[in-house]
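Trainee: For reference, the chains in residue letters:
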Amino acid sequence: MHTFELYFAAAILAGTPLLLAATGELLGETVGLLNVGIEGVMLIGAVTGVVVTLHTNNAELGLLVGALAGAVFLLVFYALPVVALGTEQILPGFGVWFVGLGLSQLIGVNYENTPVSSGSTVVRLPGIDRIPVVKELIGQYPWPVYLAFVLPFVVAWVLARTRHGRNLRAIGEDPVAASAGAGIAVRWWRTVYVAVNGLLGGFAGAVLAVIAVGEWGTDVTAGRGFIALAVVIFSGWRSMRLIVGAYIIGALLILADLGGALSWPIPSEFLDMMPYIGAVAILTVWALRPGRRAAAPGSLGVRLKYSG
Amino acid sequence: MRTIDTESASSIRERAGERAVKLQLEGIEKSFGLLAAVAGVDLDCYAGEVHAILGENGAGKSTLMKIVAGDLQPDAGHMWLDGETYRPASPKQAMRRGIGIVHQDHQLVSRFTVAENLFLGWDGADRVGGPRSLAEQASAIVDRYGFELDPTSTVRDLSVGEQQRVAILRALVRGVSVLILDEPTATLTPQEVEVLFGVMRNLATDGCAVLFITHKLCEVLAISARVTVLRAGVRVAELGAHECDERLLAREMLGRDVESPSKGDAPPRAVSEPILQASGVTVRDDRGSLAVDDVSFEVHSHEIVGIAGVAGNGQRELSEAVTGVRRVASGRVLVDGKEMTGEDAASYVRAGVGHIPEDRLTAGMILRESIANNSILKMLHVETDRSNLTRGPWLRRREIDRFARQLLVEGQVSTSDPKVKVANLSGGNIQRFLVARELRAASRLLVAVHPTRGLDVGAADRVWRILLRARDEGIAVLLISEDLDEVLSLSNRVLVLSAGRIAGELDNTGAPPSREHLGMLMGGVEQEALVGSAAALKGCGP
Amino acid sequence: MSLSLPTVTDVHVRQSIGVRSLRSRWTWIRQEPSETRSWICRLIAVVLALVVAGAYLVITVHVPDVLGLVLRTTFTTAPGLQELVVLATPFFLTAMAAQIPLRVGLWNVGGEGQFFAGAWLATAFAFSLPHAPGGVLIIGMLLAGAVGGAIWVAIPVLVKTLLNVNEIITTLMLNFAATYWIAYWITGSWRYPSTQGGTIESRFMPAQSNLPLIHLAGGLDSGLIIAVALTIAVGLAVRYSIFGYRTLIVGSGRAVSSYAGVRVRWVIALSLLLGGALAGAGGVLQLIGNSHQLTPGLSDNTGYLGIAVAVLAGGSVLGVIVMSCLLAVIMSVGQAVQIYGVSSEDVFILIGLLLLLATIAEVVAKYRLVRKVPTGGTARVPKEPVGLAPSVSESSRAAVAGDVG
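Protein chains in written order, with the working numbering: chain F, 1 to 308; chain A, 1 to 542; chain H, 1 to 405.
Treat the hints as calculated values from the structure; they're not laboratory data.
Please read these numbers as outputs of a predicted model, since none were measured by experiment.
For glycine and all other residues, C-beta sits at the position ideal for the given N, C-alpha and C.
Some chain H residues flagged as far from chain F (calculated, every beta-carbon gap over 12 Å):
hint, residue
1, T76
2, A229
3, L236
4, R265
5, W266
Simulated coverage check for chain F against chain H, where a stretch passes if three residues somewhere in it have a Cβ under 8 Å from a Cβ of chain H:
hint, region
6, 86 to 98
7, 101 to 113
Assemble the whole structure, with the sequences as input and the hints as a guide.
Mentor: Shown next, in the form of structure tokens:
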């Protein structure tokens with residue numbers, strides 16, 4: 001296989017956890033909830049995914065349990081304070097991050113750097129898997145890669161063209177109008193979408209550890225949760241643009257490997273920095289676009305007072 | 001615990017013999033903390049009639065209606081709808097039972113289209129469908145009810161009257177049998193009020209029970225068949241509209257005879273100097289669209305100039321432009337003959353401009369901070385105060401406390417402790433403290449925006465007196481208010497702002513200008529077009 | 001025509017519910033809490049989190065005598081105390097680095113990166129002037145560290161003030177960049193020649209830059225004294241200066257700021273730069289006071305833990321000092337229980353719990369349970385009371401279910 005095809009595939013694989021996590025976060029932010037703690041959710045998903053896979057030898061089960069763990073984790077540590085008790089949103093996000101960091105350590109301490117032997121099922125797209133170059137570029141990935149790619153399209157369709165999507169956008173725009181004016185069950189749907197955010201975040205972490213990296217290691221996410229946040233902002237809350245952002249950063253994430261393989265005369269540390277610099281860069285690029293302010297959901301990050 | 005009074009039960013039965021009680025409330029109580037917003041209210045509302053709920057700010061009208069609409073849960077009491085127990089746990093349940101509410105601020109999603117708002121949270125539209133199919137379904141509904149609305153336009157681009165129609169239509173399409181209108185006339189022109197009253201009459205004719213919340217006496221008499229008067233959370237009277245007049249209603253509402261504010265005895269000085277001069281001022285709003293369009297006017301010392309108009313016609317932007325909070329896009333602003341165009345709020349403070357802002361709780365005050373910290377919000381810009389309150393880059397806390405105490409005395413605030421947090425003061429106290437602070441800054445000009453909004457009559461009266469005293473002391477006062485009575489009773493001259501332009505200027509020193517005239521101007525009819533035309537609309541006189 | 005009358009039984013049913021009569025006697029009022037009150041609530045949160053952690057150690061890890069362990073490892077022995085001091089020192093400045101921007105409503109999550117950047121520039125300074133006298137070197141390194149930290153936050157400041165780019169993400173991303181930046185230097189020209197095995201460190205700092213030990217209570221690190229002095233000085237300066245007052249205005253929102261005529265961008269920039277500088281100085285203190293080598297483990301998550309300290313401390317300097325010490329105790333206990341198989345990063349669970357409980361405590365602090373005045377079930381409060389919630393009209397407006405505050 002040629003270097004280009006190899007690294008193209010690696011970039012797609014590296015971008016996939018970002019894309020999944022960003023899609024989850026975008027849904028959460030659509031209903032007005034800014035969760036800065038995806039990093040913690042991904043770590044929890046990653047460690048449970050690896051542990052379950054190692055014990056059952058079933059990567060699919062590992063991914064599923066990782067996703068569910070992410071959902072439960074976020075419900076307890078984020079939905080409880082923010083949605084149920086009406087606290088502000090940033091601090092619980094940091095709480096989620098810290099607890100995720102510590103808890104994943106605790107769970108994974110005996111599994112560190114144990115390679116996951118059974119990868120996830122690679123799906124070969126029928127038809128395409130016979131065309132020479134295209135096959136390697138887009139034809140043979142583990143199934144979560146395809147899922148991650150399709151999901152933003154589904155989300156875009158649901159948000160733009162269905163009654164449910166409209167209600168969700170209304171909750172994020174103006175929760176008071178959605179509740180008192182239109183009779184939408186704001187708290188319920190917010191809780192549901194915290195769970196969805198956690199589900200996708202946990203799944204993203206599990207995909208990262210079980211498939212992309214192939215083992216659990218301390219802080220395996222290395223800031224990817226925060227990069228996913230940047231990708232959401234970069235998308236301007238349009239889910240299909242998440243794909244662009246996630247794969248750009250995905251390409252930057254494998255730059256150090258690429259530089260090493262092609263023996264570029266650049267120190268590998270500088271290449272390692274690139275995804276993080278890139279995240280700052282895509283935020284800046286987004287901010288330079290005119291009309292950006294209109295993009296964010298109206299009540300994003302705004303604390304709600306409940307009473308009555 | 002309240003028990004049933006057999007006499008009232010029999011009287012209900014007696015009335016029931018005549019007509020069906022649609023909605024019945026008994027002993028409804030609701031408190032927020034120690035404050036009883038609603039303290040045991042009974043209400044009978046009949047199908048096919050407009051029932052007014054009258055009361056001044058804070059009387060508990062809105063709270064009561066929010067309970068009926070499922071927005072709030074009562075602490076005690078019972079409700080019946082069509083004779084069946086009615087206890088909605090959420091707005092959605094209330095809507096299912098046929099109770100619709102049009103909130104004072106309409107509760108529409110402003111960035112959504114009319115069609116999207118109509119179908120929001122309601123299963124009347126297809127589960128799946130793009131904007132076009134939604135608009136088609138919406139326009140069918142709009143046509144059926146004979147409303148004039150474009151389903152594809154975005155709500156925030158609509159006038160207040162149109163937004164209200166969207167909110168009413170949203171309630172109607174869900175099949176209401178009881179429609180609650182919370183202060184629907186507050187932000188409408190007199191002409192739009194007439195249109196609304198027409199809609200309300202039609203609804204009542206169709207058998208709908210309409211609950212109409214207001215604090216305006218004349219409107220009660222104009223539209224409703226029955227009036228419930230609330231005072232301090234208690235029902236003080238239930239009257240047939242035919243058996244009462246404004247005077248009686250006012251006494252019931254306030255618990256005493258009304259004493260309307262007057263411009264006072266001191267007539268404005270004949271010769272006065274211009275303090276604020278605005279020429280060709282154009283201002284853009286937060287979204288970048290034109291909010292104030294080529295406006296020119298002057299405010300002189302010893303006078304109050306009132307700016308009347310329906311909210312959202314550029315008042316906010318204009319007030320911010322002449323206080324330095326917002327930049328003017330073009331045109332000039334002069335204070336005391338000094339060029340102020342493009343200066344920030346700090347320079348305006350230095351020039352002697354005080355500003356009572358529209359959002360006094362979010363812009364004018366830091367609620368979670370102490371009175372002391374709020375007292376110097378702008379004073380550090382004024383050289384004399386700054387030298388007194390600071391030394392070099394440091395604050396002199398003791399001096400600041402003393403300064404704050406002075407303001408508390410001047411504002412007659414009910415505390416003298418500058419360490420109290422502003423959030424823990426009542427609305428009236430906060431406003432008086434703010435007015436005192438801004439009067440300190442306003443050595444030349446005071447810009448007062450909705451200075452009495454949300455205050456009860458007593459508190460409003462004190463603010464009015466302060467404004468009049470400031471005028472008598474020679475300060476130029478620019479009063480921006482959506483309350484026409486307030487503008488007419490305080491100002492020497494009235495400017496009408498409509499769609500960001502000054503539609504007309506009226507002298508208010510002698511006989512007050514006619515409301516019809518003002519209403520036409522507020523509705524956007526230019527003054528020239530009005531000359532000679534006899535406005536035949538019926539309105540309420542001040 | 002149907003009309004059902006409220007029957008007497010209906011009323012009796014309602015009366016018989018005991019909960020309701022209880023609810024009618026007691027009620028919650030919402031009030032902006034006093035400093036003391038929010039402190040008490042936060043301390044309760046801390047105690048709760050510690051109890052959870054202690055219970056975990058006893059039940060799951062089978063640490064026999066947690067309290068004794070805490071006392072043994074920290075307070076009662078001189079080495080314990082000394083270790084505590086070493087652990088607490090870096091928290092003061094990284095906490096201030098987060099706390100000052102928090103006054104403006106900004107999250108400086110980049111303390112970790114700024115800490116390293118400061119240490120890096122100070123190292124560069126020291127290596128370029130290896131023979132300078134100790135005093136010059138120490139002061140020069142501290143200043144270089146402040147500049148380095150400020151430089152590291154400069155890009156987030158720039159994009160925040162000019163383009164309003166979210167500072168949480170930008171400051172955090174630069175932490176990772178800093179890690180690699182340090183790695184580049186200590187694996188390259190600064191590398192300690194005889195390092196064996198996996199660990200990579202820089203050469204030692206010039207010996208005269210080492211902070212002296214002050215012989216008090218078995219050896220007190222003079223770095224601590226510098227850190228505490230700096231913290232108190234900056235804290236008081238912010239509290240009693242016009243700049244500090246302006247941070248408070250800007251932190252209260254854009255509406256107040258433009259109303260009060262405050263130049264928001266300057267205040268934002270200054271507070272973040274000041275925070276970065278403090279974190280950078282913190283890095284230098286760790287460098288010359290403790291490790292004397294630039295290493296990847298120089299910070300040991302100090303930058304992140306500083307955020308937690310700042311949050312738990314609220315707005316006060318005293319809070320920073322108290323919470324830094326508390327965190328040091330937690331860390332030293334964390335180290336002591338490592339023999340039971342607890343890893344040092346597990347402490348993040350506790351920190352996360354602390355943050356969550358503190359957030360909840362902040363909400364809880366606003367509510368007080370009070371007894372209603374027994375006049376016919378509901379109390380009428382005198383008009384316009386002081387020290388109570390806003391008047392009916394406002395409180396009812398604020399109390400709309402789901403009101404945006």
